[in-house]
Amino acid sequence: MDFPGGKVAFTPEMSFISESPEERAHCYRVLDEDGQPLAHSSFIQVSKEVAVRMYTEMVTLQTMDNIFYEAQRQGRISFYVTSIGEEAINIASAAALRFDDLVFPQYREPGVLLWRGFTLQEFANQCFGNRDDYGKGRQMPIHYGSNKLNYFTVSSTIATQIPHAVGAAYSLKMDKKDACVVTYFGDGGTSEGDFHAAINFAAVREAPVIFICRNNGWAISTPTSDQFRSDGIVVRGQAYGVRSIRVDGNDALAMYSSVQAARVMAIGEQRPILIEALTYRAGHHSTSDDSTKYRPANEIEWWRTARDPVSRLRKWIESNGWWSEEAESELRSNVRKQLLHAIQVAEKVEKPPISDLFTDVYDVPPSNLREQEMVLRETIKRYPQEYPGDVPV
Amino acid sequence: MATTAARRFGRRLVPSVSRRRFSSSAAGDALQRTQNHPSLNLCSAINQALHIALDTDPRSYVFGEDVSFGGVFRCTLGLADQFGKARVFNTPLCEQGIVGFGIGLAAMGNRAVAEIQFADYIFPAFDQIVNEAAKFRYRSGNQFNCGGLTIRAPYGAVGHGGHYHSQSPEAFFCHVPGIKVVIPRSPSQAKGLLLSCIRDPNPIVFFEPKWLYRLAVEEVPEHDYMLPLSEAEVIREGVDITLVGWGAQLSIMEEACLDAEKDGISCELIDLKTLLPWDKETVEASVRKTGRLLISHEAPVTGGFGAEISASIVERCFLRLEAPVARICGLDTPFPLVFEPFYLPTKNKILDAIKSTVNY
Numbered sequence: 002m003d004f005p006g007g008k009v010a011f012t013p014e015m016s017f018i019s020e021s022p023e024e025r026a027h028c029y030r031v032l033d034e035d036g037q038p039l040a041h042s043s044f045i046q047v048s049k050e051v052a053v054r055m056y057t058e059m060v061t062l063q064t065m066d067n068i069f070y071e072a073q074r075q076g077r078i079s080f081y082v083t084s085i086g087e088e089a090i091n092i093a094s095a096a097a098l099r100f101d102d103l104v105f106p107q108y109r110e111p112g113v114l115l116w117r118g119f120t121l122q123e124f125a126n127q128c129f130g131n132r133d134d135y136g137k138g139r140q141m142p143i144h145y146g147s148n149k150l151n152y153f154t155v156s157s158t159i160a161t162q163i164p165h166a167v168g169a170a171y172s173l174k175m176d177k178k179d180a181c182v183v184t185y186f187g188d189g190g191t192s193e194g195d196f197h198a199a200i201n202f203a204a205v206r207e208a209p210v211i212f213i214c215r216n217n218g219w220a221i222s223t224p225t226s227d228q229f230r231s232d233g234i235v236v237r238g239q240a241y242g243v244r245s246i247r248v249d250g251n252d253a254l255a256m257y258s259s260v261q262a263a264r265v266m267a268i269g270e271q272r273p274i275l276i277e278a279l280t281y282r283a284g285h286h287s288t289s290d291d292s293t294k295y296r297p298a299n300e301i302e303w304w305r306t307a308r309d310p311v312s313r314l315r316k317w318i319e320s321n322g323w324w325s326e327e328a329e330s331e332l333r334s335n336v337r338k339q340l341l342h343a344i345q346v347a348e349k350v351e352k353p354p355i356s357d358l359f360t361d362v363y364d365v366p367p368s369n370l371r372e373q374e375m376v377l378r379e380t381i382k383r384y385p386q387e388y389p390g391d392v393p394v
Numbered sequence: 015m016a017t018t019a020a021r022r023f024g025r026r027l028v029p030s031v032s033r034r035r036f037s038s039s040a041a042g043d044a045l046q047r048t049q050n051h052p053s054l055n056l057c058s059a060i061n062q063a064l065h066i067a068l069d070t071d072p073r074s075y076v077f078g079e080d081v082s083f084g085g086v087f088r089c090t091l092g093l094a095d096q097f098g099k100a101r102v103f104n105t106p107l108c109e110q111g112i113v114g115f116g117i118g119l120a121a122m123g124n125r126a127v128a129e130i131q132f133a134d135y136i137f138p139a140f141d142q143i144v145n146e147a148a149k150f151r152y153r154s155g156n157q158f159n160c161g162g163l164t165i166r167a168p169y170g171a172v173g174h175g176g177h178y179h180s181q182s183p184e185a186f187f188c189h190v191p192g193i194k195v196v197i198p199r200s201p202s203q204a205k206g207l208l209l210s211c212i213r214d215p216n217p218i219v220f221f222e223p224k225w226l227y228r229l230a231v232e233e234v235p236e237h238d239y240m241l242p243l244s245e246a247e248v249i250r251e252g253v254d255i256t257l258v259g260w261g262a263q264l265s266i267m268e269e270a271c272l273d274a275e276k277d278g279i280s281c282e283l284i285d286l287k288t289l290l291p292w293d294k295e296t297v298e299a300s301v302r303k304t305g306r307l308l309i310s311h312e313a314p315v316t317g318g319f320g321a322e323i324s325a326s327i328v329e330r331c332f333l334r335l336e337a338p339v340a341r342i343c344g345l346d347t348p349f350p351l352v353f354e355p356f357y358l359p360t361k362n363k364i365l366d367a368i369k370s371t372v373n374y
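One line per chain: the protein sequences are A and B, in this order. In the working numbering, each residue's number is its place in the first sequence (first place is 1) plus 1. In the working numbering, each residue's number is its place in the second sequence (first place is 1) plus 14.
Chain A with its partners taken away, still in its complex shape (with noise of 0.2 angstroms):
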C-alpha cells in the first residue's frame, strides 16, 4: 500500500531540491518596450475597437490619478492612492473579462471599476465621501465598490479578499455560473496568510478563481528582497497545486492574453489559475508617502518615461493606424476637463446624513444604537458648533 498522497518513485541517492530553480520562470510578453509585437509571440488578436477603448481607459486611469492626487495636495480630498504604472494590469485585466466575473479588489485596481462603466463622477463621489457615495462617505477615498458592476468594496487591510474570492468561486461553480472571479493583490499581500490559505483552499475545492497578483516590486518601502526568498510569486501556484504563469504586467496585450485565456481554464476547467503581473510602482504608495526617501528619484523617473505601459500600448495602435496626435491630445484634454468637472461638482455635495452613522451595522439597527442615536442628536443640539455642518442632521 502506497503512503498517504499515492505512489512515490523511491531512491537511494539522497537528494535536496534546490531552494531556487535554475532559471527564473519565464515572463509572457508580446509587445516589445516599443510597442511591437515579438517575433513567435501568441497573442489573442484584440480588435481596432477594444484595443483602442483599452487605450483611453489607460489613459482616463492616468489623467484621473494626476488629478485627484493633485486634488489631495490641495487639501480637497484627505488622501488618495494612485496606479501610475499599473494602468495595463488595471485595464488589459478588466478588458479580457466579462461583466458576470466578479472582482475582489486590493485598492490599487480602479482601472478594472473604470472599464466596467464607473463614472468619473462616481470616483469622485467615493472620495469627498458626499451623499453620493454608495459606501455613504463611511470609508477613505478609493475604497471603491459596485454591487451592480459586480466589484466588491475595497477594505484596507491587505490580502483579506483572497479566501473571499474563493468562497464566492465555489458560489459560481455549485450555481453552474458561466463566470469566474478574479482577485488582485500585490507582491506584499502574498506573505499574508490570507493569501496562502486561500490558494490552498482554491486547489483543494477547485474553486473557478484567477488570482492576479501585481508584484510591482514594493510594499510601502519594502522591496521584494525584504518580501520574499522564493523566485517571485508564480512559483508558489505548482507549491499548491495551481497552474500559472508569469506575464509582463506592462504589456497590455500580454495582459489581455494571459487573463483571457486564464478565464477559459478556470471556467471549463473549473480549477484555480495564478498570475504574477511583473510591474514597477512609479507612484508613491499614497499621498502619505514619500517613496524618494527608499528609493533613488531617477530610478522612479524612467520607470515612468522609458517603461510607461501606456505609452508601449500607445506605439502598437498607432502603428496600426488607430491612433494620431490628434486623438491623444483630444483624449487627454476632455478627460481633464471631465475630471475637474466631477471633483467641482463632488466637493459641493453635502455629505450623507448622521442617520447613515447607524445604518447597516446590522440589517436593522438594534436597541443600543437606537438610543445612540437619540443621545447623540440631542448632544448636537446642544452643541451644534462642535459639529461639521456639511452633515446633514
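Don't take every hint at face value.
Claimed, not checked - Partner residues aside, some chain A positions facing chain B, computed with beta carbon under 8 angstroms:
| no. | residue |
| --- | --- |
| 1 | 27 |
| 2 | 158 |
| 3 | 171 |
| 4 | 362 |
| 5 | 363 |
To be verified - Simulated crosslink set (PhoX-like; lysine-lysine; CA at most 25 angstroms straight-line):
| no. | chain 1 | residue 1 | chain 2 | residue 2 |
| --- | --- | --- | --- | --- |
| 6 | B | 99 | A | 177 |
| 7 | B | 303 | B | 363 |
| 8 | B | 99 | A | 178 |
These are calculated hints, taken from the structure and not from any lab test. Note that beta-carbon positions come from the ideal geometry of N, C-alpha and C, so glycine has one too.
Starting from the known structure of chain A, fit chain B onto it as the hints suggest.
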C-alpha cells in the same frame, strides 16, 4: 453534580416564564409542550438543526475541519451522506481560510455554516471576523453583506480540557459591532437558536457549550422552529436577587438558586441567550424588581462580558440597587488542568455571593 443538574434542568423544558411571555408566544408555540417529543442531547439537537437548515435551503453549506465524517463531536453526523460532499465538506486546517471562505460564500447570498473545531482555535480567524465579516455591510454602504455566515464553535469547560479545549472567548466578540454572539443553554434552545442564527441576515458567532453535548438531554421538537435572538429569558422567577448567565453556567447557577431557596432567598434566573446585541430591557426589568444583580460566566472576570452587563445595569438602575453588582467568574489565568475545580465559578462561590449580596 453537573450531570443531574443538567438533566433535571433540561427536563423542565424551559418554561417561557418571562416578561416577554406574549411576544415570545411564538417561542412557546415553537417548543410545543403539549405533545411528547423525542429526547435528544445537545449535539443531536444541533445535528438536527443543521439537517433542517441544509434541507430547507439548497444554497446552504456546512464546512470546517473534520465535518465530513461527522465532526470531532459528531454534530455533523450524516450530513455529508444526505446532502453530498459538495455541500458538506472538510476544509484544510486553517481557521482564517474557513471564515474567509465562508464570508465569500455568504456574500453571494448563500448560508455558510462554518465550524471552528474548538473556540480556543478561533483566533486565527479573528481578523476575518472583526475586520471583514462585521464590517462587510457597513463599509459597502449596504451594497454587499455576508449575513448568511454563521460560525459555530464548541466552547467552555469540559472537565479536562486545559488551556486549549476549555476557553470561553465570547467577550472578545461582544466588542465587535456588526456581528451577533449567541450561546444556547440546552438542546431545545440550541436547535431553535441555531436555526435563527443561520437564517438571520447578519454574521453570527454561535458558541456551543461542549460540556453539555452529551450531558444535557431533553425533549426536542422534531419540526423546524426558530427562537428569537436578542431576547433574554427569565427561566426562574424570584424577588430577592437577579442572576444572569448563559450556556452551561446556567445549570450551575440554578443549583445555587435551589440551595439559596432553602435559606429563604428567592432568586430570579435569566438566560441572556444573545450576548450581542443583548436584551437590556429584560435584565433591567428584573433588577428593578429585585434590586440586586449577580452575573456569572466561566471566562476570566477581568474584561469579561459580565463587566458590560454590570456597567449598563448600574447606569440604568443605580438608585434601585441595594448592593454592588456581583460577578462570579473564572479567575484571571489561562484555563488550568488540575486546578479546574478551583478556577471555575462553582455553585458554592455563587451561593456565597448570593448570600452576601442579599445581606449587604
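Now for the hints, and whether the structure bears them out:
1. 27: At about 30 angstroms, which exceeds the 8 angstroms cut-off, the nearest Cβ of chain B leaves the hint on residue 27 of chain A violated.
2. 158: Holds. Min distance 5 angstroms.
3. 171: holds (6 angstroms)
4. 362: Cβ of residue 362 of chain A sits 5 angstroms from chain B, so the hint holds.
5. 363: holds (5 angstroms)
6. B/99 <-> A/177: Status holds; Cα separation ~16 angstroms.
7. B/303 <-> B/363: Given that 25 angstroms is the threshold and the Cα spacing comes to 24 angstroms, the pair holds.
8. B/99 <-> A/178: Between residue 99 of chain B and residue 178 of chain A the Cα gap is close to 19 angstroms, so the pair holds against 25 angstroms.
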